[in-house]
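J.: Listed here are the chains, written in short residue letters.
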Amino acid sequence: MPFAPPPTRRIARWGLFLLGLGLTAALVGRQAGLPEMGTLEDKLRHFAVHGDEYDVIFVGSSRIERGVVPPVFDAELAARGRPLRSFNFGVAGMEAHEANALMRRMLASEPARLRWVVVELEGWDPVLENENRFKRRAVFWHDAAETWSALRSTAALEAPLAARADLASTHLLHFAARLLALGRGPDAVRSLARTAGQTSPDLERWQGFKPYTESSYRYNPLRKRFLDRPDDYRTSVRRLEEGADVAASPAEVAAVRAQVAMILRAGRRSVHLVPPSPRAVPRLAEHVPALLAFNRPRDYGELFAVDQRFDHEHLTQEGAERFTRLLAARFAAEVLGEEPDRLAALGR
Amino acid sequence: MLFTQPLFLVFFAAVFGLAWSTRDDRRRKLVLLAASYLFYAAWDWRFLSLILASTAVDFAAALAMERTPSSSARKGWLIASLTVNLGMLAAFKYFNFFVESAALLLRPFGAEIGDRALAIVLPVGISFFTFQTMSYTIDVYRGKLVPLTSFADFALFVSFFPQLVAGPIVRAAHFLPQLARRPRWAAIDKRRYLALFLAGFVKKACVADAVAPYVDRVFARPELYAAAAVWIAVLLYAVQIYCDFSGYTDMAIACAGLLGYDLGPNFNFPYLASSLTDFWRRWHISLSSWLRDYLYIPLGGSRGTRLFTYRNLLLTMLLGGLWHGAAWTFVAWGALHGLGLVAHKEWIRRTGRTGRTGQTCRTLRILGTAATFYAVCCAWIFFRAQSFGDAAVLLKAFVLFDAAGTLALEPWLLALFAALAAVHALASRMPLERLVAAVPDGLFAPAYGVATALALAFVPMRAAPFIYFQF
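For the protein sequence lines, the chains are B and Y, in the order given. This note's numbering puts the first sequence at residues 19 to 366. This note's numbering puts the second sequence at residues 411 to 881.
Calculated from the structure, these hints are not laboratory results. For clarity, every value in this text was computed on a predicted model and none was experimentally measured. Ideal Cβ placement from N, Cα and C applies to all residues, glycine included. Mixed in with the good hints there might be a few duds.
Derived list of chain B stretches under chain Y, where covered just means 3 residues or more per stretch with a C-beta under 8 Å from a C-beta of chain Y [as the list claims (entries may be wrong)]:
{"#": "1", "segment": "35-43"}
{"#": "2", "segment": "196-208"}
Some chain Y residues well away from chain B (every beta-carbon gap over 12 Å; in silico) [said to hold, decoys possible]:
{"#": "3", "residue": "ARG772"}
{"#": "4", "residue": "ILE776"}
{"#": "5", "residue": "LEU819"}
What follows is a set of in silico ranges between Cβ atoms, one per label pair, in the way DEER data are often shown [stated by the list, open to error]:
{"#": "6", "chain 1": "B", "residue 1": "TRP32", "chain 2": "Y", "residue 2": "SER560", "range": "52 to 62 Å"}
{"#": "7", "chain 1": "B", "residue 1": "GLY33", "chain 2": "Y", "residue 2": "ARG436", "range": "45 to 55 Å"}
{"#": "8", "chain 1": "B", "residue 1": "TRP32", "chain 2": "Y", "residue 2": "ARG437", "range": "22 to 32 Å"}
{"#": "9", "chain 1": "B", "residue 1": "ALA110", "chain 2": "Y", "residue 2": "ALA847", "range": "23 to 33 Å"}
{"#": "10", "chain 1": "Y", "residue 1": "ASN506", "chain 2": "B", "residue 2": "GLY33", "range": "46 to 56 Å"}
{"#": "11", "chain 1": "Y", "residue 1": "ARG437", "chain 2": "B", "residue 2": "THR26", "range": "22 to 32 Å"}
{"#": "12", "chain 1": "Y", "residue 1": "THR773", "chain 2": "B", "residue 2": "ALA110", "range": "56 to 66 Å"}
{"#": "13", "chain 1": "Y", "residue 1": "ALA832", "chain 2": "B", "residue 2": "ARG123", "range": "31 to 41 Å"}
{"#": "14", "chain 1": "Y", "residue 1": "ALA837", "chain 2": "B", "residue 2": "PRO229", "range": "48 to 58 Å"}
{"#": "15", "chain 1": "B", "residue 1": "THR26", "chain 2": "Y", "residue 2": "ARG477", "range": "32 to 42 Å"}
{"#": "16", "chain 1": "B", "residue 1": "ARG123", "chain 2": "Y", "residue 2": "GLU820", "range": "29 to 39 Å"}
Kindly generate the complete structure, drawing on both the sequences and the hints.
T.: Below, the structure is given as structure tokens:
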């Protein structure tokens with residue numbers, strides 16, 4: 019182009035521009051910290067102080083947060099002569115990619131005693147619903163590794179090319195938004211004024227488990243719908259009994275293998291968990307070192323009984339404690355008593 | 411495709427590269443024309459036919475006017491052009507308004523005309539490009555302009571994408587001479603336009619979009635809010651509409667400037683105006699000067715008795731209000747401004763004070779600025795309210811501090827308003843050109859990088875469309 023300045027000057031200007039942009043965005047992103055995600059900030063703050071006290075963490079959605087009771091889990095293991103301490107890192111709405119991004123962050127802090135990371139096994143759905151697009155949470159998990167994984171899943175989707183291209187560009191824009199700390203300025207400013215707060219006593223007491231409150235039992239619309247239409251739930255459970263697990267896509271296989279590898283690289287062991295819920299999960303058992311699946315109404319009928327359920331997806335506190343006891347029993351038998359060479363045999 | 415979206419940056423980068431790498435000026439303009447049509451088609455390709463129709467009719471009418479010696483024939487061509495343009499506006503923008511108003515008017519007399527409203531989609535930017543083309547044919551009719559012989563040039567004037575959907579309403583006399591010669595890259599103040607684009611982006615994305623949720627909350631259910639909350643919401647709406655529209659304008663001027671074309675000014679710190687007359691010299695300058703030249707002056711302007719002048723002012727502002735939107739609340743907004751302008755003219759006549767610097771003491775000027783801003787805010791209530799009922803509730807709270815509601819807005823918003831007002835005042839003393847010129851050459855690129863990152867950090871996650879796109 020005849021108008022252009024010499025190439026070296028042009029490159030230098032672009033370089034300086036990108037340097038200013040990148041450094042500032044990195045500073046803002048660092049200062050802003052994590053976006054607000056339910057109880058996560060509280061849990062991270064607790065973990066920053068007490069992370070070295072835990073041997074086991076549970077990561078996943080509200081099915082984990084409302085379903086696994088660490089004090090019960092610890093007591094059950096102690097009764098079996100394995101005194102371990104666990105923490106529930108479940109967060110409402112957390113999906114597989116988000117859990118990965120969170121684990122990467124947590125494992126980087128190298129908690130001294132942590133040995134087992136128990137992760138909820140979920141589908142790796144790359145589709146971002148419209149209402150979630152460009153929400154801080156969605157931007158948060160788009161680090162390089164998760165964006166790449168989402169792009170691979172997108173490519174493997176059975177959808178028209180235009181739809182896949184749109185979804186892929188959306189993931190790339192989320193990645194760019196994360197890189198540029200898009201919209202994180204207010205969080206950065208707020209964090210300047212924030213003092214290190216105390217975590218709630220309930221969080222300490224329940225080690226991350228979040229019991230439903232009295233008012234939830236009375237006013238929660240999901241519970242109301244569940245109680246009004248129990249037959250809908252029973253139909254889902256029947257469908258689950260007939261075998262509702264779905265085939266895993268190659269992208270999902272790759273994603274779960276990457277997840278396991280990430281945990282192993284950090285020197286911890288991964289255990290995958292399917293909580294008792296009538297939702298379909300991909301068949302990935304042969305790709306993970308350990309799988310504790312409770313989505314079998316024939317074997318765990320008591321966890322699917324209507325009186326043990328808070329709603330379609332979640333357990334009542336009584337149900338959660340029952341589930342946790344069963345989980346602890348299987349954990350002791352299958353994970354703590356695992357053959358030492360199993361991990362090596364899986365080649366990871 | 412909003413100026414604040416990444417897709418626009420990709421689009422603009424492609425157009426910019428193509429335009430400046432095309433050596434032949436005719437081809438360069440064709441590139442810009444194709445890009446402009448593509449830009450418009452991204453909103454709704456069906457309405458491209460409207461732009462094309464308007465362009466073809468006005469191009470042909472202007473040539474026909476030039477070629478005919480008969481003044482009645484010239485007038486006929488002008489009327490044909492105006493009929494097509496105003497007809498399009500009437501059909502697409504005002505049809506339902508006229509039908510509903512007629513139904514309302516006839517109901518007391520027992521006449522029911524039923525529900526004849528149509529599901530008409532308003533073509534984005536129709537008010538802007540029709541006014542732009544109308545100014546061309548009127549100027550040709552008046553003999554102020556020689557009609558263009560190149561259809562492509564005229565089409566580019568009508569559809570040039572930076573100003574197509576929300577102005578500025580560029581006059582043919584200002585823009586067409588620029589199309590006659592190839593812009594020179596060396597003559598372009600790149601730094602100024604880059605800074606202007608970023609300033610516009612900050613105004614729109616970081617300020618207007620950030621305050622919008624608070625404003626929307628109060629204007630959606632004003633009866634629920636306490637007077638203090640209404641005050642905050644109205645003040646913030648004044649901020650929102652200014653930052654939204656002038657932010658868009660800044661980005662439009664910057665994009666056009668980087669392509670080598672000047673669109674002319676559209677805002678000049680309007681909230682520092684010391685009177686309503688002054689306000690209209692600073693707010694949406696391209697529209698106010700259009701209304702002055704093509705409506706107020708042809709109506710007779712101030713060439714007549716005082717009452718005749720006041721009538722012309724009122725008519726101009728009423729139609730100016732209606733131009734903004736097909737609703738009586740917009741007409742009321744125009745009427746309030748018309749009455750304000752009449753009152754100011756009357757004040758000048760009685761006191762001999764014009765309010766201009768040097769003629770009025772500083773205290774009086776500050777009082778004038780505060781009073782003007784307050785009056786403008788009162789009028790904004792009608793501009794934004796969804797009904798006259800809502801406007802009455804808001805006005806009662808804003809003027810009389812009387813509200814039945816109890817809900818509050820966050821008090822820090824008032825501090826935000828004060829900070830933004832201070833920035834507005836400071837910026838008027840330190841124009842962007844001077845600020846940019848003060849940055850050493852080697853520091854501009856990294857400083858621009860830092861400023862861009864900071865701007866992006868304060869962008870709300872979801873962009874809202876520009877307010878003036880609906881007009």
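J.: When the structure is checked against the list of hints, which entries are broken? Sort them ascending.
T.: Going through the list in order, the structure violates hints 6, 7, 9 and 15 and respects the others.
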